[in-house]
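K.L.:
So the chains spell out like this:
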Amino acid sequence: MTGLSPQQLIDLTYIVAAVLFILSLKWLSSPVTARHGVLAGEIGAALAVGATLFNPELVQYRWIVIALIIGAGIGVPLGMVHMTAVPQRTALSHAFGALSATMIGIAEYYVRAPQVTKFGMVEIGLEVIIGSLTFTGSLIAAGKLQEILPQRPITYRGQNIVSLSVLGTAVVLALILVIHPAYMKLFPAMVGVALFFGVLLVTPIGGADMPTVISLLNSYAGLSAALLGFVLNSKVLVVAGALDGSSGFILSVIMCKAMNRSFTNVLFGAFGQEQVAAAGHVEARPVHSATADEAAAILAAANKVVIVPGYGMAVAQAQHKVRELYDALTKRGIDVKFGIHPVAGRMPGHMNVLLAEADIPYDKLLDMDVVNGEFPQTDVALVIGANDVTNPAARNETGSPIYGMPILDVDKARTVMVIKRSMSPGFAGIDNPLYYLDRTLMLFGDAKAFVGDIVRELGGTHQ
Amino acid sequence: MPSDFISNLFVFILAGFVGFEVIKRVSPLLHTPLMSLTNALDAIVVVAAIIIAGRHETMLSTVLGIIAVGASFSNMVGGFLITDRMLRMFKTGKSKKS
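Residue numbers (my numbering), protein chains in the order written: chain A, 3 to 465; chain B, 142 to 239.
None of these hints come from the bench; they were simulated from the model.
Think of the CB as a built atom: it goes at the ideal place given N, C-alpha and C, for glycine as much as any other residue.
One thing to keep in mind: the hints can contain errors.
[As the list claims (entries may be wrong)] Here are the simulated lysine to any residue pairs, SDA-like style, with alpha carbons at most 20 Å apart: (1) A:Lys-339 - A:Asp-381; (2) B:Lys-165 - A:Val-255; (3) B:Lys-232 - A:Lys-187; (4) B:Lys-232 - A:His-182; (5) B:Lys-165 - A:Val-372; (6) A:Lys-28 - A:His-38; (7) A:Lys-366 - B:Phe-161; (8) A:Lys-28 - B:Arg-226; (9) B:Lys-165 - A:Val-34; (10) A:Lys-187 - B:Leu-201; (11) A:Lys-237 - B:Ser-148; (12) A:Lys-28 - B:Ser-148; (13) B:Lys-232 - A:Asp-337; (14) A:Lys-333 - B:Lys-165; (15) A:Lys-120 - B:Met-142; (16) B:Lys-165 - A:Met-370; (17) B:Lys-165 - A:Val-21; (18) B:Lys-165 - A:Leu-25; (19) B:Lys-232 - A:Phe-446; (20) A:Lys-120 - A:His-182; (21) B:Lys-232 - A:Asp-365; (22) A:Lys-366 - B:Arg-229; (23) B:Lys-232 - A:Ala-360.
[As the list claims (entries may be wrong)] Computed footprint of chain B on chain A; a stretch qualifies when at least three of its residues, placed anywhere within it, have a C-beta under 8 Å from a C-beta of chain B: (24) 99-113; (25) 346-357.
Produce the entire structure from the sequences given, and follow the hints as far as they go.
P.N.:
The following block contains the structure:
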């Protein structure tokens, strides 16, 4: 066996990196091994980047080093954001990933053009279109999550037709470039139209649909990286892109199921529309309300409490007060668990991260399927800032727009307490029959302040 | 159809399959770190960006490559950093320090 060429050595390093990436995700399956997973990923990435710097084709390094330093300079603050900002940070990183893949695709086009093979042009066209729409779509999503842009869905008549024709235009331009490689001027137009489509894709989507959108954009970002791997014939990109793409795909499917939306509905970006027609009849029915000291007395008498957090808890920044409540109840020997709906919050797993940040042990955070088995033996279900995911109409009102959506069966607990600002309906605009049950007590007020009041009544303030 | 395409497709399908099998085992508890970790891994496009920038074929390709190096490397650094920060917060009742 003769010696290895530098290129072969680099390729072997890439294989090691790809294996480490797979191990990295494998170890993420449990919180116990998850941090090894991060280390494996870091080693793999460092090996791949290090090996690439020895690529004999490289003729200039200065700007690469400067770009790496600037990238690290942007990356560190983005890695240090507060946990409540994680959804917008994630959307922004989808945008950066897609930007990077798109820039490389465009650069590769202009290096080759007009001598682009038909097949090469198909790959570049697809890569650049998906990358571009993911870039702008993710920026819009980040803007909505940061509340720079309105969170409510922005819709108009004939929206889907307009959006799909814009996408169609981008595809047609790509096809013309495949057939007539000399029409190079069409390439920037194709990029521009694809960028515009990304804006159209995400603008109509409301805040509560963000978990699905973020997962979908995750999948697209992975797909664009994998396609870039096809363009450049780089297996390590194909592997990393396929892993990222399948992760986003799985999360999108989970989010869709948790909202009872069909997958085709999501793939065509036609979501965020139904709720316009969903405004149900809101009648003035009597509800039972309670004060903080009444709520504290009921909680103190319970043996088993399940807390159901939602986006409202995140908005009110109430997670640390919830932790104090958890401590106060646990100290009295009360069994406290958390029931987490897959779409609670603004991204998959959002509530878990917020509660973990507040130092709540993760073995107390239960998935919907597990916790639903526990509600019948639960004395108090305390709903904090969640609405539609607890709506029993999803279970038994066939006419309800959310009928069929899996929910947390809080109404099976002996007493239900709901902390809510007012009686206004949730995101889907649907009245929640849960609030009118005899066993339900409405606790009107700001989540953080109200939980704080309950903790004070329990005499369990922070020591 | 170029033979490179077939071999890349081969890798893509196998990697997608492995990804599917591995990721479906990730607990919903860790779905947020999963997304930030896959983001960091996806930032491996930085290697392609380095090559495009470093070859210095045209001014345009170098400039685009440099932007891509910065964007993807910030994802790589930030993605690993935040994933590790999040995972450090996940503690059981026993290991929790009071």
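K.L.:
Quick one, are Lys-339 (chain A) and Asp-381 (chain A) close enough, alpha carbons at most 20 Å?
P.N.:
12 Å, holds
K.L.:
Given the hint that Lys-232 (chain B) pairs with Asp-337 (chain A), does the C-alpha gap stay at or below 20 Å?
P.N.:
Holds, at roughly 18 Å.
K.L.:
Could you grab the alpha-carbon distance between Lys-232 (chain B) and Asp-365 (chain A) and see if it respects the 20 Å cut-off?
P.N.:
The hint holds at about 8 Å.
K.L.:
Given the hint that Lys-165 (chain B) pairs with Val-255 (chain A), test it: the Cα-Cα distance must not exceed 20 Å.
P.N.:
The hint holds at about 11 Å.
K.L.:
For the pair we were handed, Lys-120 (chain A) and Met-142 (chain B), check the Cα-Cα distance against 20 Å.
P.N.:
10 Å, holds
K.L.:
Hint check: Lys-232 (chain B) vs Phe-446 (chain A), CA-CA at most 20 Å. Holds or violated?
P.N.:
32 Å, violated
K.L.:
Decide if the proposed pair is consistent with the structure: Lys-237 (chain A) and Ser-148 (chain B), CA atoms, cutoff 20 Å inclusive.
P.N.:
Roughly 9 Å separates the two Cα atoms, so the pair holds.
K.L.:
Lys-165 (chain B) and Val-21 (chain A) were given as a pair; does the straight-line alpha-carbon distance stay at or below 20 Å?
P.N.:
Given that 20 Å is the threshold and the Cα spacing comes to 18 Å, the pair holds.
K.L.:
Hinted pair, alpha-carbon criterion (20 Å max): Lys-28 (chain A), Arg-226 (chain B). Please report holds or violated.
P.N.:
19 Å, holds
K.L.:
Keeping to a limit of 20 Å between CA atoms, is the pair of Lys-232 (chain B) and His-182 (chain A) held or broken?
P.N.:
Between Lys-232 (chain B) and His-182 (chain A) the Cα gap is close to 59 Å, so the pair fails against 20 Å, i.e. violated.
K.L.:
Given the proposed pairing of Lys-165 (chain B) with Leu-25 (chain A), does the C-alpha separation stay at or below 20 Å?
P.N.:
The hint holds at about 14 Å.
K.L.:
Taking a Cβ-Cβ distance under 8 Å as contact, does the region 346-357 of chain A have three or more residues in contact with chain B?
P.N.:
holds (count 6)
The earlier numbered hints that this structure contradicts are 3, 4, 7, 12, 14, 19.
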